[in-house]
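Peer 1: What follows is each chain in one-letter form.
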Amino acid sequence: MIRINCPFCGERDHSEFGYGGDGSIEYPPLDASAEAWTQAVFERENIRGVQTESWQHVSGCRQWLLVERDTMTHEIHSVRAAHSGVAAVVEKEQQS
Amino acid sequence: MTRFSAWSVFRNGLKGQSGWDRQWRDPQPKAEYDVVIVGGGLHGLATAYYLAKNHGQKNIAVVEKGWLGGGNGGRNTTIVRSNYFMRGNRQFYEHSLKLWEDLSHDLNYNVMFSQRSHISLLHSPAAIDGAARRYNTMRLTGTDAEIWDLNTLKANVPHLNYSADARFPIMGAAVQKRAGTARHDAVAWGYARAADALGVDILQNCEVTGTTREDGRITAIETSRGRIGAKKVGFAVAGNTSRLWQMAGFSTLPIESHKLQAFVSEPLKPLLDQVVVFGVGGAHFYISQSDKGGMVFGGDLDWYKSYAQRGNLPIVQDVAECAVSILPCLGRVRLLRHWSGVMDMSMDGAPFICKTPLPNLYLNAGWNYGGFKASPASGWYFADLIANDRPHNVISNFTLDRFERGINIDERGAGPDPKLHG
Amino acid sequence: MSASRLKTGGHIDRTREIEFRWDNTRYTGFKGDTLASALLANGETIFGRSFKYHRPRGVMSAGVEESGAIVTTGKANRRDPNVKATTQEIFPGLEARGQNAWPNVRRDCGAVNNLMGRFFSAGFYYKTFMGIPPFEWGRKGTGIWMQYEKLIRRAAGMGKASREPDPDHYEHGHLFCDVLVVGSGPSGLAAAVKCAEQGLDVLLVEQDFEFGGDYLNHSSEESLRKRDAALAKLNSAGARVMSRTTAFGLYDYGVAGLLQRVTDHLPNPEPSLPRQRFLTLRARHTILATGALERHFAFGNNDLPGIMNAHAADAYVNRFGVLPGQQVVVATNNDSAYNTANQLARVGASVTLVDARTAIPDSISGLLGTRGVELVTGSTVLNAVGKRHITAVELADAVGSGWKQGPTRDCDLLLVSGGWSPVVNLLSHRGVRPQWDHDNCCFVPAPTNEAITSTGSSLGIWGNSDCEDAGRAAADAAIASVGNQTNTVAMPAAGGWETPLQPLYEVNVDGVSKKSFIDPQHDVTADDVRLAHQEGFVSVEHLKRYTTLGMATDQGKMGNIIGMALMAEALGKEVPDVGTTTFRPPYTPISIGALAGRAFGAHFKALRRTPMHDWNLEHGATMVDAGLWQRPWYFAREGETITEAYIREATTTRKTVGLCDVTSLGKIAIQGPDATELINRVYSNAFAKLPIGKARYGIMLRDDGIVMDDGTTWRFSDTDYFMTTTTAHAAKVMVWLEELLQMRWPDLKVHVTSVSEQWAGVAVAGPNSRDVLAACIADASVVTNDALPFMGVVETTLANGAPCRIARISFSGEMAFEVYVGSDHANGMMDLLHTQAMLVDGCLYGTEALGALRIEKGHVTGVELDGRATIDDAGLGKMASDKKSYIGSALRKRPELMREDRPRLVGIFPKDRSEKFKAGSILCRTDKVAGHGEGWITAVTHSPELGHWIGLGYISGGHEHWADSTLVAADPVRTGNTEVEIVSPHMVDPTGERMHG
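Residue numbers (the working numbering), protein chains in the order written: chain A, 1443 to 1538; chain B, 9 to 430; chain C, 350 to 1346.
Everything labelled a hint here was simulated from the structure, so no lab data went into it.
Backbone N, C-alpha and C fix where the C-beta goes; we use that ideal spot for every residue, glycine too.
It is possible that some hints are incorrect.
Claimed, not checked - With beta-carbon atoms standing in for the labels, derived distance ranges:
| # | chain 1 | residue 1 | chain 2 | residue 2 | range |
| --- | --- | --- | --- | --- | --- |
| 1 | B | Ser232 | C | Gly921 | 20 to 26 Å |
| 2 | C | Glu513 | A | Val1492 | 49 to 55 Å |
| 3 | C | Lys1081 | B | Asn159 | 32 to 38 Å |
| 4 | B | Arg233 | C | Ala839 | 56 to 62 Å |
| 5 | C | Lys1038 | B | Arg225 | 19 to 25 Å |
| 6 | C | Ala839 | B | Gly257 | 28 to 34 Å |
| 7 | B | Arg398 | C | Trp486 | 54 to 60 Å |
| 8 | C | Lys489 | B | Gly27 | 25 to 31 Å |
| 9 | C | Lys1081 | A | Glu1453 | 24 to 30 Å |
| 10 | B | Asn159 | C | Thr374 | 51 to 57 Å |
Only chain A is shown next, with the shape it has when bound in the complex:
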């Protein structure tokens, strides 16, 4: 069982979360070319090691999270809210 430390709910079993996928993908603008979209939608670096990936706390706060996790050992290095604005607020609160 992977345990994910949700910034909003605390450490929980991974079975509470839905796995998104490679969180480093930057999706192009909607009006970008088919080529750019093909790359984003279908192509994967498929890192063996630490990758940034997305998980959603489906059975919790429903926040999408960006998780740095080692795909060999499953060890998690960091978890933050995927929404940049939310992540900034969380970080600020943690500092204060």
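Please arrange chains B and C on chain A, whose structure you already have, making use of the hints.
Peer 2: Showing chains B and C alone in chain A's frame:
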């Protein structure tokens, strides 16, 4: 090579087994080969065998980082079937099934392909109609396929949960009788022995560490046993495809690595004579009984990307729930072992047997859950591709550019999310 | 033949005699006995038959590593095959019997296999059974193999499982602790006590029914006192201790899988008690005090009943008060068996100790003199002699580095110690490969970065007092890892014997040796290992797979190392060069029922019911599964078949009015200043200008341009929308919108909320729908044609005061409305509408009639939008906007998706209107009913409107291309072929007059 037969078993029994040779040699790598296949799994070994057998290639090496057959070939739940219905997939997997049917004779190695029937349970009128489309297509393309009503199913598979109080009562089943199971390790050994007999060098404990490129071609691979020159190179390294791809100087592929668990119970006297598949309400489960008596079963992926060959408890629990739901007598049966393998999950659930941007590099990858049953045809068509430098019509869609072109061979219609193609 | 109960001693309760049955005969034992100890005490010798050769097998150990005494317990639907007699507690009424034998384990016809043994070498089955013997004639097919397979399957397997559903129930639990200690032997108890006394939350688990581990196997009272004192300390420190609980696997993040056996030892358990519990434990630190298992070594007939591990005899004598033999030979290569020899001599056995080593210091051998144990050094066992039980041993004497045949000695018990193997299994589950300890000839745990500490014998530390120190040192490691304190106790070094162990894996003298077993449970012999080497199966994984070494129910606990050692010898290498062995969970086999818990049968998956579920049932509904939902399928009147019922329901709806529960549709509240922008990006058709008070049908695509879902979205204000999705994709669409808002478009100010459970919905459809609805709401004027035109939406109240929202939308093609109320008001709404509908001879309709109505209209559902269809395939391409970019717009026009010969949605009529055809049929040309065909049929219904069967489907090029053609709907797996015609998918009211009217 000593020919295997009841006679040779008998003779060697009398003389203390002294007459058996190594089943394959342990050669030193040559300086160069005409074809180097990277990956000593089922697909790589089959490729080497068919290159030698069908295309008369003499100078072939298979390089394997560990022991041959040690990847998913030795970790799967041994199911062989051809109930695919999309164009291309249909012909490919049917060809594979035909190769399976004669494989023991062809290799002179008993791979124990048991055509014991593959039975997909159906739980609603809509599911029966959905299966009918698939199984009608199979029938119309010349394959055996049946839809069974409940009574036929009960008569053939007696111990399933036929209760009307089941969460999803069984209404019938889609059946392929020619499908079944095989002894997975034996397939690797059989191909290795037969390929070796045709002169293929199988180089175990030979890990690829890099590639040498000159003038836009691969000229050699660097390995833990030294540099090996190659006129043509084929990659067949499920689970490690992306890493090797990047070693060859490329970046991305339409592949993610996920792990799939598999399970076996303690050995029991015969309890289940067919392969049974149960998939309803979001569940996915398949089970058969090995000749040794263990109930062999599996279910979904662990749902997150992973290169670790070990699974976690939520799926163990899911699979157990399915097991007891569909075969209620399994409650008291004990799980002996569970393990996991790393799958190349592709973006549409279909594989790649194709050329690459380098003219003498060929790729065989993306087998999702389906690699075991595919291995004979995978080797057959990959050999054909490498030998003739053009894809056979049957595999013309198994290309890397199919997403760009919009070719759809997605059997599940799950879309570009690799984890959904189980 | 002379095992017997000692007059005194042991930790059994001699005041509590227990009666049980073995092979239909009554026996008695005492509380605290295992089945093995009780049967040994009764003089039983043969407990089982081996897998392949059907050789008789007796008790080989006193624990989970047992490979001989494997039996079946219970009966009928509580039959449990493959139970280790050495771990099964006896209880009043226990029934056990032998297995894999006919008629019984004492006289087994299968033993004929043993005579054929020379032909049944490792992997022989890969070499034959393919064709017609003897030369495997025939070049094709699997027919001959499958005949053989039937026989092989019957011969293989071990016990027979019950065919009946398991009557017992199981529970799941979730636990947390600071420190998990696995094992309650000297090191485990010491570790647990120290952690608990430091205030940590400790959980100690012990697989046995008694705590104490090796403390139980000693004769001294001191051992038990130590155990009891430790348990008392744990109790007062508030630690949790669980016996009969196996830590069967270690998983990521300090998670351990525990299996607690709750009633397996009880004669008549409380029905409320689960048989077993599967507990998921999350520990901050794990201490593995799992001990070590004694190995045997290979010599001739080393599987005969009457041969067991040396230390097992300590357990039988000291724990169970059973003397397993009178005339005992102990064969060892290490110090540990000296104590065993002493123990047996102490209780009256005549004991000879043969030690493979030659130089034994007095400090060890001196112990023996007082007890009368005869010591023979430089000697070991070559062959065991006996047919059904050991009667003698042929010894071998050391010559140089080998052996020569020595004298024969009579005996009735042979105890074997070939060294010890630490239990590294749980650490192996974490992917930690053990290291070879050359001095002790065993694999020991390698360091790990995880919060796991191995200790005691599982670390290769042999002495009890060293193990106690090791436990305290492990506790320090755990305390440091959990609470940041520094270590104080040093971990003792591995080992602890005075004389080095002499590696001994096989005793073999050419021409004299008999069959010698490495893995007795699977009948893997030393010769099998050599054959594997000869044939090139040299890596440890090949060895295991080719010979089946270690694949039996003990997972190679006893045999793996010997097999590897023999392979190493054949290769001229060291053991670790052959490889390490990977152990997989579970440590010992665990029942599948425990893992499943309560989620099977009717409780397999959650059942979703709409708030008017009971109301529907009261009104005659037959339900159908739709994903996890149950929906009304049809409302049959007395004597009606499903077909009659849905045709009546559809006809009534078209003629007057029908009501259908549509609550299972997904419903999402989309609110915020950028709600319009979100919706406009998500749907392929234009939404930017949807007026307030209007709804619109929308189609959303996936990133790859394929249709994801469809539904209607209603606008209530500038910033407030209500989206409906299909039943099947409700959750998926919600997750999708959240992903888009949180990950891709964080700048959009929109809030999405799933309100699927909050709103109950009903479709009111048919020419009289407006009148019926008007009669049920507080203000009828809000639903007039002017006030609520086609696609209008309104928020109002029902006549009973319940707030509701109404949209004039139509899936049936009739004038129709969807009405939503808060879920608590569902029944009230249905009562109102139903009463009014009945006044105009209306009806309730289910999904079957809903299907008929939508098929007539050519409206698509999930069977048409199957994850492969494009919006153009579905005939809805014109809806897609050219003026905006949206999700999927970039990829929906990839070249292959734009081909003219793509399958397009069409309607299908039978050529002969009286004929019927089925969904799932393939559309073929009449001259080529083969191959993939030209298309397929997705849905079929009897059309009340047209009076014949009709269908929807896809065909290459669309209906214009096939106008006036006859095709075949081929359904070879069910009904055969039917001639059909292709028509427009809009088969009834193509202009939509009824909806708008």
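Peer 1: Can you let me know if the beta-carbon spacing of Asn159 (chain B) and Thr374 (chain C) is within 51 to 57 Å?
Peer 2: With a Cβ separation near 43 Å, Asn159 (chain B) and Thr374 (chain C) fall outside 51 to 57 Å, so the hint is violated.
Peer 1: Measuring from beta carbon to beta carbon, are Lys1081 (chain C) and Glu1453 (chain A) in 24 to 30 Å?
Peer 2: holds (27 Å)
Peer 1: If you check the beta carbons of Lys489 (chain C) and Gly27 (chain B), does the distance land in 25 to 31 Å?
Peer 2: holds (28 Å)
Peer 1: 54 to 60 Å was suggested as the range; check whether the CB atoms of Arg398 (chain B) and Trp486 (chain C) agree with it.
Peer 2: For Arg398 (chain B) and Trp486 (chain C) the Cβ distance comes to about 38 Å; the hint is violated.
Peer 1: Range hint 28 to 34 Å: satisfied by the CB atoms of Ala839 (chain C) and Gly257 (chain B)?
Peer 2: Given about 52 Å between the Cβ atoms, the range is violated.
Peer 1: Tell me if the beta carbons of Ser232 (chain B) and Gly921 (chain C) are separated by a distance inside 20 to 26 Å.
Peer 2: For Gly921 (chain C) against Ser232 (chain B), whose Cβ atoms are near 21 Å apart, the range 20 to 26 Å holds.
Peer 1: In this structure, is the beta-carbon distance linking Arg233 (chain B) and Ala839 (chain C) contained in 56 to 62 Å?
Peer 2: Violated: the Cβ-Cβ distance is about 43 Å, outside 56 to 62 Å.
Peer 1: Starting from the hint 32 to 38 Å, judge whether the C-beta atoms of Lys1081 (chain C) and Asn159 (chain B) obey it.
Peer 2: Between Lys1081 (chain C) and Asn159 (chain B), where Cβ atoms are some 37 Å apart, the hint holds.
Peer 1: Does the Cβ pair Lys1038 (chain C), Arg225 (chain B) satisfy 19 to 25 Å?
Peer 2: Check failed, 57 Å falls outside 19 to 25 Å.
Peer 1: How does the Cβ-Cβ distance of Glu513 (chain C) and Val1492 (chain A) compare with 49 to 55 Å: does it lie in that range?
Peer 2: holds (50 Å)
Checked against the numbered hints listed earlier, the structure breaks hints 4, 5, 6, 7, 10; every other hint is satisfied.
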